[in-house]
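K.L.:
Listed below are the residues making up each chain.
Protein chains: 2
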Amino acid sequence: MSLSEFSIIEEFFTSKSNAGLCPIVGIGDDCAVLDVPADKQLAVSTDTLVEGVHFLPKSDPELLGHKVLAVNLSDLAAMGATPAWASLAITLPSIDKAWLSLFSKGFFSLAKRHSLQLIGGDTTRGPLSITVNIMGLLPKHQRLTRAGAQLGDGIYVSGFIGNAGLGLKNARAGGFDARDKDLLSYLKPNPKITLGQALLNVASSCIDISDGLSADLNHILKASGVGATVWHEELPLTHSVRQNIEEVGDVLWPYSTGDDYELCFTMPDAAYKGIQEKLAPYQISKIGVIERQKGLRIKMATGEVATLNKGYDHFNVE
Amino acid sequence: MSLSEFSIIEEFFTSKSNAGLCPIVGIGDDCAVLDVPADKQLAVSTDTLVEGVHFLPKSDPELLGHKVLAVNLSDLAAMGATPAWASLAITLPSIDKAWLSLFSKGFFSLAKRHSLQLIGGDTTRGPLSITVNIMGLLPKHQRLTRAGAQLGDGIYVSGFIGNAGLGLKNARAGGFDARDKDLLSYLKPNPKITLGQALLNVASSCIDISDGLSADLNHILKASGVGATVWHEELPLTHSVRQNIEEVGDVLWPYSTGDDYELCFTMPDAAYKGIQEKLAPYQISKIGVIERQKGLRIKMATGEVATLNKGYDHFNVE
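Chains as they are written, first to last, in our numbering: chain F, 2 to 319; chain W, 2 to 319.
It cannot be assumed that every hint is accurate.
Sample of chain W residues with no beta-carbon within 10 Å of chain F, all distances over it, derived [claimed, not checked]:
#	residue
1	Leu152
2	Gly175
3	Leu201
Chain F side only, calculated, beta carbon under 10 Å to chain W, not exhaustive [unchecked claim]:
#	residue
4	Glu12
5	Cys32
6	Ala33
7	Leu35
8	Ala44
9	His55
10	Ala78
11	Ile91
12	Gly137
13	Leu145
14	Cys207
DSSO-like mimics (lysine-lysine), calculated; alpha carbons at most 30 Å apart, straight line [to be verified]:
#	chain 1	residue 1	chain 2	residue 2
15	F	Lys287	F	Lys274
16	W	Lys113	F	Lys41
17	W	Lys41	F	Lys41
18	F	Lys141	W	Lys113
19	F	Lys113	W	Lys41
20	F	Lys141	W	Lys41
21	F	Lys41	W	Lys141
22	F	Lys59	W	Lys59
23	F	Lys106	W	Lys223
24	W	Lys170	W	Lys106
25	W	Lys182	W	Lys59
26	F	Lys223	F	Lys182
27	W	Lys274	W	Lys287
28	W	Lys106	F	Lys223
29	F	Lys223	W	Lys98
30	W	Lys59	W	Lys223
31	W	Lys141	F	Lys113
32	F	Lys279	F	Lys189
33	W	Lys41	W	Lys279
34	F	Lys182	F	Lys170
35	W	Lys223	W	Lys141
Hints are computed from structural coordinates only; laboratory data are not their basis. All C-beta atoms, glycine included, are put in the ideal place defined by N, C-alpha and C.
Excised from the complex, chain F in its bound form:
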């Protein structure tokens, strides 16, 4: 006898995260019931990953379990929120116990690290896709948003840019090498939860880099009603990404690749000086400045300026 929908949920997804805020009613009823502490607000986000669009066919299920949660945690990081609860809606062509076991291993390993509780889900039959709905907590009246960047604010990014895009390129070329750090950036992103928390009440705007630096920074610019110049030479690039720029012959390549899940944020120079030491572990780079003139300008050392007012689009770009 094949497994029923109900035993899937029970077997693979019940009570594996034992840290964090326990739901009053958890998995197994029509709804979960949650108590939001009186001094907190709820931050909520949803992201879907579809096979063949957001991840390659026959992806490693354990890495996929990690990634689907990581991209949702990254949305909480961008708001400065602390992870609390998640629901998992998983559509599968058929039941594969080995696949489910590995997927749930990857999912719960990351959930546990962030004291996140799985509070519900739905298992359906169909082409493979996974939707996570994530909920985090914010102190009342505090949050990071895309709106709020002010003239003269510095523009900052954490970590390095373009590595996940390079990893995807390597994966497509068939180069699955466990020692490939770029591939690991793509397959196993590390959401910047504690960085987001550290930026609460300090950064004037924040976003996570999921669609690519130019697309995501443009979201900040649009929401804040401002423009920006990025100094190309200040962009934090690893040797491998610099090499790839030479190979493809496109200096703007790292601006258009997604999946980095670093944070991009703005604040006045004085504010940055105040928390520079606290932010040291996150390898923060100042890459530009907020300006009155709308649009995103990339300024090269040669004095040349490129305009990048668009980014990756799920429907327009393969």
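Since the structure of chain F is already known, use the hints to place chain W on it.
P.N.:
Relative to chain F, chain W alone:
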């Protein structure tokens, strides 16, 4: 130029529900931010509908927009919760403005009726499927759950059973007739929100009938650690469903059909007498009794007893 992901969300899904609890941050940032009133708990549920599994290919988009929200509202109804917020994750093979316009019309028409606010979403490319994550509010320390049915409690259902299943059968047979009330039951279910609210603090257990009466009542029995007898002749059946039973020659047919989205609940007879008048608009029928002996028994007028310990299963049944 085709529409971008961002303009889809903006064009079809922003600020169309103007009633209800406004989010502090709504659609368009990395997360929505919500204030849960201090005297309330949050009820949360997720349901996915996949084309070809949960709805027929080429379904009417306006009815689909209604249905995907209705099945999620029904989960809130089963907990006694009041609708507040929802997120919509929609996966589409390609952008079809006419389809999106009709889908959002159906979705928002029902959302408005329940003062529900759309607070976020994700639009991705892939085989058509829709996931809604819904959030409702409950007074602190109050909720209906599947657990709690007690020995001797009556078993009640609202409305009629089997009509949606018959509607699906008619639709599959190609009988799209706008006057077919069974088809309408299937395509445009009416979630029993006010009934669920009326049952808070009164019913000992509650579930919505989505997978079929036998499957859903079995969930109550299992969660409550009890068994039940249902008196077949008390099942509320319309003339059309009675006719279909004769056609298919299976008296148990209405127990296995899903999608009714009526409520099934339990309570002592004395409690029912106390709210019988209040429940009159919902056409409540007492169909059986909770017993110590595990399992679900269907008792016929002939004295014959059938045992139904299983129900519809997304992976086992076509």
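K.L.:
Now, for every hint given, state plainly whether the structure supports it.
P.N.:
Against the structure, the hints:
1. Distance to chain F confirms W:Leu152 as a non-interface residue, since its nearest Cβ pair spans about 21 Å, more than 10 Å.
2. The Cβ of W:Gly175 lies farther than 10 Å from every Cβ of chain F, with a closest approach of about 23 Å, so its non-interface assignment holds.
3. Under the 10 Å C-beta cut-off, the non-interface status given to W:Leu201 relative to chain F holds; the minimum distance is some 12 Å.
4. A distance limit of 10 Å between C-beta atoms decides the matter here; for F:Glu12 the minimum to chain W is near 13 Å, and the interface restraint is violated.
5. Checking F:Cys32 against chain W by beta carbon gives a least distance of about 4 Å; that is within 10 Å, so the hint holds.
6. For F:Ala33, the shortest C-beta to C-beta distance to chain W is roughly 5 Å, which falls under 10 Å, so the interface hint holds.
7. Taking 10 Å as the C-beta cut-off, the interface hint given for F:Leu35 holds, the closest approach to chain W being about 4 Å.
8. Against a cut-off of 10 Å between C-beta atoms, the interface hint on F:Ala44 holds, since the closest Cβ of chain W lies about 4 Å away.
9. Interface restraint check: F:His55 against chain W, minimum CB-CB distance 7 Å, threshold 10 Å, status holds.
10. Taking 10 Å as the C-beta contact cut-off toward chain W, the hint placing F:Ala78 at the interface holds, the least distance being around 8 Å.
11. Satisfaction of the interface hint for F:Ile91 is found here, the shortest Cβ-Cβ separation to chain W being roughly 8 Å, below the 10 Å cut-off.
12. The beta carbon of F:Gly137 is positioned within 10 Å of a beta carbon in chain W (closest approach about 7 Å), and the interface hint is therefore held.
13. Taking 10 Å as the C-beta cut-off, the interface hint given for F:Leu145 holds, the closest approach to chain W being about 8 Å.
14. Satisfaction of the interface hint for F:Cys207 is found here, the shortest Cβ-Cβ separation to chain W being roughly 8 Å, below the 10 Å cut-off.
15. The straight-line distance between the Cα atoms of F:Lys287 and F:Lys274 is roughly 12 Å, inside the 30 Å bound, and the hint therefore holds.
16. Annotation: proposed proximity of W:Lys113 to F:Lys41 holds, straight-line Cα distance about 27 Å (limit 30 Å).
17. Restraint check: the Cα-Cα separation between W:Lys41 and F:Lys41 comes to about 13 Å, which is no more than 30 Å; the hinted pair holds.
18. Taking the CA atoms of F:Lys141 and W:Lys113, the gap is about 28 Å. The hint holds against a cut of 30 Å.
19. A distance of roughly 27 Å separates the Cα atoms of F:Lys113 and W:Lys41; the hinted pair therefore holds under the 30 Å criterion.
20. In summary, the hint linking F:Lys141 to W:Lys41 is supported, as the alpha carbons are separated by about 16 Å, within the 30 Å threshold.
21. Pair hint F:Lys41 plus W:Lys141 holds up; C-alpha atoms about 16 Å apart against a cutoff of 30 Å.
22. This hinted pair checks out: F:Lys59 and W:Lys59 have alpha carbons roughly 29 Å apart, not beyond 30 Å.
23. Taking the CA atoms of F:Lys106 and W:Lys223, the gap is near 28 Å; set against the 30 Å cutoff, the hint holds.
24. Distance check on the hinted pair: W:Lys170 and W:Lys106 sit about 26 Å apart at the alpha-carbon level, within 30 Å; holds.
25. Between W:Lys182 and W:Lys59, the direct Cα distance comes to roughly 20 Å. Compliance with the 30 Å bound is thereby established for this hinted pair.
26. Using a Cα cut-off of 30 Å, the hinted pair F:Lys223 and F:Lys182 is violated, with the two alpha carbons roughly 33 Å apart.
27. The suggested pairing of W:Lys274 with W:Lys287 holds, with an alpha-carbon distance near 12 Å, which does not exceed 30 Å.
28. For the given pair, W:Lys106 sits about 28 Å from F:Lys223 by alpha-carbon distance, which is consistent with the 30 Å threshold.
29. Distance restraint check for F:Lys223 and W:Lys98: the Cα-Cα separation of roughly 24 Å lies within the 30 Å cut-off, and the hinted pair is therefore satisfied.
30. With a C-alpha separation of about 37 Å, the suggested pair W:Lys59 and W:Lys223 falls outside the 30 Å cut-off, and the hint is violated.
31. Pair hint W:Lys141 plus F:Lys113 holds up; C-alpha atoms about 28 Å apart against a cutoff of 30 Å.
32. As the CA atoms of F:Lys279 and F:Lys189 are separated by approximately 25 Å, the hinted pair is consistent with the 30 Å bound.
33. A hinted pair counts as satisfied when its Cα atoms are at most 30 Å apart, and W:Lys41 with W:Lys279 qualifies at roughly 24 Å.
34. Among the hinted pairs, F:Lys182 with F:Lys170 is consistent with the structure: their alpha-carbon atoms are about 13 Å apart, no more than 30 Å.
35. For the hint pairing W:Lys223 with W:Lys141, the CA-to-CA distance comes to about 26 Å; that is within 30 Å, so the pair holds.
The structure is inconsistent with the numbered hints 4, 26 and 30, although it conforms to all the rest.
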